[in-house]
Amino acid sequence: MDTNKRFLVGVYDDDDEVMAAVKAVRSSGIKIHDVYTPFPVHGLDKAIGHPRTRIPMAAFMFGCLGLLTMFVFTLYTMAIDWPMNIGGKDFYAFPDFIPPMFEFTVLFTAFGMVFSFFITNGLWWGNKAVIFDLRSTDDKFVVAIDTSSNQKSEAEIEKALRDTGAIEVNVKEVIEEEA
Amino acid sequence: MAEHNHHFNPAEMEEWYDFTSSSKRKLIIGMLAGLATLLIGAFLVSKGLGIGIEHAHEHAGHAGHGHEAHHGLPVWAKRVVANLWMNAEFFTGISVIGMFFVAIQYLSWAGWSSIIKRIPEAFPAFLPFSGAVMLILYFAFGQELFHWRHEGIMDPESEHYDKIIAGKSWYLNNAFFVIRTVLYIGLWYGLWVFLRNLSKQEDEIGGTEWWYKMKNLSRAFVLVFAVTSSTCAWDWAMSIDTHWFSTMFGWYHFASWHVSGYAVITLTVIILKEKGYLHSVNENHLHDLGKFMFAFSIFWTYVWFAQFLLIYYANMPEETIYFRERFSGYGGIYKAPFFINLIMGFLAPFLWFMTRDAKRNFTFLKVGACAILVAHYFDFYQMMMPGIMGEKGGIGLIEWGSTIFFASAFGFVINNQLTKLSLVAKNHPMLEEAVHHDI
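For the protein sequence lines, the chains are F and S, in the order given. Reminder that position 40 of the first sequence reads as 40 in my numbering, one-by-one numbering, no gaps. Here my numbering = 1-based position in the second sequence + 1000.
Keep in mind that a hint or two might mislead.
Cross-link-like lysine to aspartate or glutamate pairs, in silico, EDC-like; alpha carbons within 20 Å at most [claimed, not checked]:
| no. | chain 1 | residue 1 | chain 2 | residue 2 |
| --- | --- | --- | --- | --- |
| 1 | F | Lys172 | F | Asp34 |
| 2 | S | Lys1024 | S | Glu1274 |
| 3 | S | Lys1291 | S | Asp1438 |
| 4 | F | Lys23 | F | Asp34 |
| 5 | S | Lys1420 | S | Glu1204 |
| 6 | F | Lys159 | F | Glu17 |
| 7 | F | Lys46 | S | Glu1283 |
| 8 | F | Lys89 | S | Glu1318 |
| 9 | F | Lys159 | F | Asp45 |
| 10 | S | Lys1426 | S | Glu1204 |
| 11 | F | Lys23 | S | Asp1438 |
| 12 | F | Lys89 | S | Glu1319 |
| 13 | F | Lys46 | S | Glu1204 |
| 14 | S | Lys1426 | S | Glu1209 |
| 15 | F | Lys23 | F | Glu154 |
| 16 | F | Lys31 | F | Asp138 |
| 17 | F | Lys46 | S | Asp1438 |
| 18 | S | Lys1366 | S | Asp1235 |
To be clear, the hints were calculated from the coordinates, so they are not data collected in a lab.
Using the sequences and the hints, build the whole thing.
Here it is as C-alpha cells:
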C-alpha cells in the first residue's frame, strides 16, 4: 500500500535565521516534520521539539544484557559444565572473569547502540532516503512541514515560512512504500 | 543559537574574586579546629582511648613482630606523622592536577574549558606548602614512615640487615630521595609560575601569542609529569612497603590524584558559581567536568583492577602480601577503608553520573564530587597506613583533624590565589567559543 504525503519545504540560507524561523513557525502552531542542515546547528533539536532520544536507556539495557550474558557463560563453562582448577583458586574465581564480563558489556553496548540508532533513524539496508532538497548537503537549511499533520492551510504555512525569511518554498510529494 | 551574541566583548568577561574576611575567618577556624582535633585525637590515643588502639593493646605483650620492633616514636606520634604525610601527598596531588588539567586543555586545543581554566590554574599555589610539610616530615621522621629508612637495614653488619632492601639502596637512599622530592615539587611549581605569568600577561596585553607560549609550556610540563607522576608515586607511597613493588603503581596513584583533582575543580567552580561569580559558566561546562569525573573514576578503577588482577592471578606470596595486609591482615582493620575506596571510587560515580541530567545538576555534581573525594582519601589511606602503622592504625580524631586542617589550608591558599587574577581569562583566544558552549 502506498500513501502519499505532501510536504511544504522552506529553504533558508543562514543558520541563525533558520533557528529563529523554527521557533517562530512552531510558536504559530505549525508542527515541523524535520530540519535538514549542512552542519550541526546547536540547540536546533530542542527548538524543533523532538522528544529526547532514548538511546542512553537502550545502551544501559544492552550493557546489562552483555554483563549478564558473560556472567552466565563463565559461570556455566568454568564452574558447572567443566570445572577447572586454575592456580588452586575457587572454580568460580570471580575477579578472573571481570575482564570478559567488562568486554561483553562494552561489546553489547556498542553494537546495541549502533543498531538501535540505525533502526530508529531508518538507516537500514534498502530503505530509500527521502531527500527534501539536495542543497541541504551544500549550503541551504531546509525546513520540512507535513501538511497532512497540520491544522493550518498550505497558504498559511507558506506565509509563515516566507515571513521568517525562507528564500524558496517548494512542494514535495513523498510516496512511502510500505511492505 | 538564535540569540548568538555577535557582539562578544572580552572586557565584560573580567571578574575579580573577593576573598571576604568572613571566608578567611571560616578557613582559619577550620585550620585551628583541625589542629585541635588532631591534638585531642593524639592525646586520646596516647592514653589508649583512640579508635584502633585496641589492636595495639592486644599485641602489647609480644613486641617484636617484623619491622614494627625498632620504631622510636610512640604510637600516637607515629599516627600523627603518618596522617600528615598522607594528607600532604593527597593535597600535593590535587594541586598538581590543577596544572595538569590546564596543560591538557592547551595541548588538546580545548575551547570550552577556557572559561574555567583560572580555577585549576590557582591550585598549584599550594605546592610549596605541602612540599615543605613533606620535606620536614621526611627529615624529622623519615625512619618512621619508610621501611627502608630503618636503622641498620642496609648495613650487612646489623641485625636488622635486609638483603632485598639493601639491593634497592642505589635508588632508595637519603640524598637521592631528597633530590627527587625537591625536583618534583620544584619543577611542577616552577613551570606553574611561568604559566601563571604568561596568563597574567595575556590578560594585560592580549593577543594570541600567549596562548602558543602556554601551549609550549604545557608540552614541557606534560613531559615532566609523565615521568614524575610515576616516580613520585614510587618514592612517596610505594616505597613505604619497600619489599613490594607493582609496575602499575605509578598509574594507579596518578589516577587517584587525577579524579580527586577533577572533583575539587568541579566543587570549586560550583561554589564560585553559587556565590555569584562566573556568570557565563552554565550547566554545559559543568556537564563536561561531570563527564571527566565519570570517565576518570572508571579509569581509576581500570588501573586499580589491572594491578589487582595480575597479582591475584599470579598468586605469588611476595606480591599478594600487599592485598592480604589490606584485606584481612592486622586484624582486618583495613578492610573497611579498602572496600569504601573501591565501592565509592567506582560504583558510586559510575551509577551516579551515568545519566546526562545528573551531570548537569549542581546538587548531583556536588554529592558525586564529595563521594569521589572520600573514596580517594581512603585510597591514599589504605596505600599508606598498613605499611606505616601496621596493626596500630585506625580511623579517629587524628585522621579527621589532619584532613580538616589540610583541606582548610588548601582552601585558604587557593582562595587567596584566585584573587590574584581575573576569574575568567578575558583575552583567551577561545573564550567566545566557551561562552557559547552547548552540548
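Okay, the hints, checked on the actual structure:
{"no.": "1", "hint": "Lys172/F - Asp34/F", "result": "holds, 14 Å"}
{"no.": "2", "hint": "Lys1024/S - Glu1274/S", "result": "holds, 18 Å"}
{"no.": "3", "hint": "Lys1291/S - Asp1438/S", "result": "holds, 14 Å"}
{"no.": "4", "hint": "Lys23/F - Asp34/F", "result": "holds, 13 Å"}
{"no.": "5", "hint": "Lys1420/S - Glu1204/S", "result": "holds, 13 Å"}
{"no.": "6", "hint": "Lys159/F - Glu17/F", "result": "holds, 16 Å"}
{"no.": "7", "hint": "Lys46/F - Glu1283/S", "result": "holds, 16 Å"}
{"no.": "8", "hint": "Lys89/F - Glu1318/S", "result": "holds, 18 Å"}
{"no.": "9", "hint": "Lys159/F - Asp45/F", "result": "violated, 23 Å"}
{"no.": "10", "hint": "Lys1426/S - Glu1204/S", "result": "holds, 9 Å"}
{"no.": "11", "hint": "Lys23/F - Asp1438/S", "result": "holds, 18 Å"}
{"no.": "12", "hint": "Lys89/F - Glu1319/S", "result": "holds, 16 Å"}
{"no.": "13", "hint": "Lys46/F - Glu1204/S", "result": "violated, 39 Å"}
{"no.": "14", "hint": "Lys1426/S - Glu1209/S", "result": "holds, 14 Å"}
{"no.": "15", "hint": "Lys23/F - Glu154/F", "result": "holds, 19 Å"}
{"no.": "16", "hint": "Lys31/F - Asp138/F", "result": "violated, 25 Å"}
{"no.": "17", "hint": "Lys46/F - Asp1438/S", "result": "holds, 12 Å"}
{"no.": "18", "hint": "Lys1366/S - Asp1235/S", "result": "violated, 32 Å"}
In summary, the structure is inconsistent with hints 9, 13, 16, 18 from the numbered list given earlier, while agreeing with the others.
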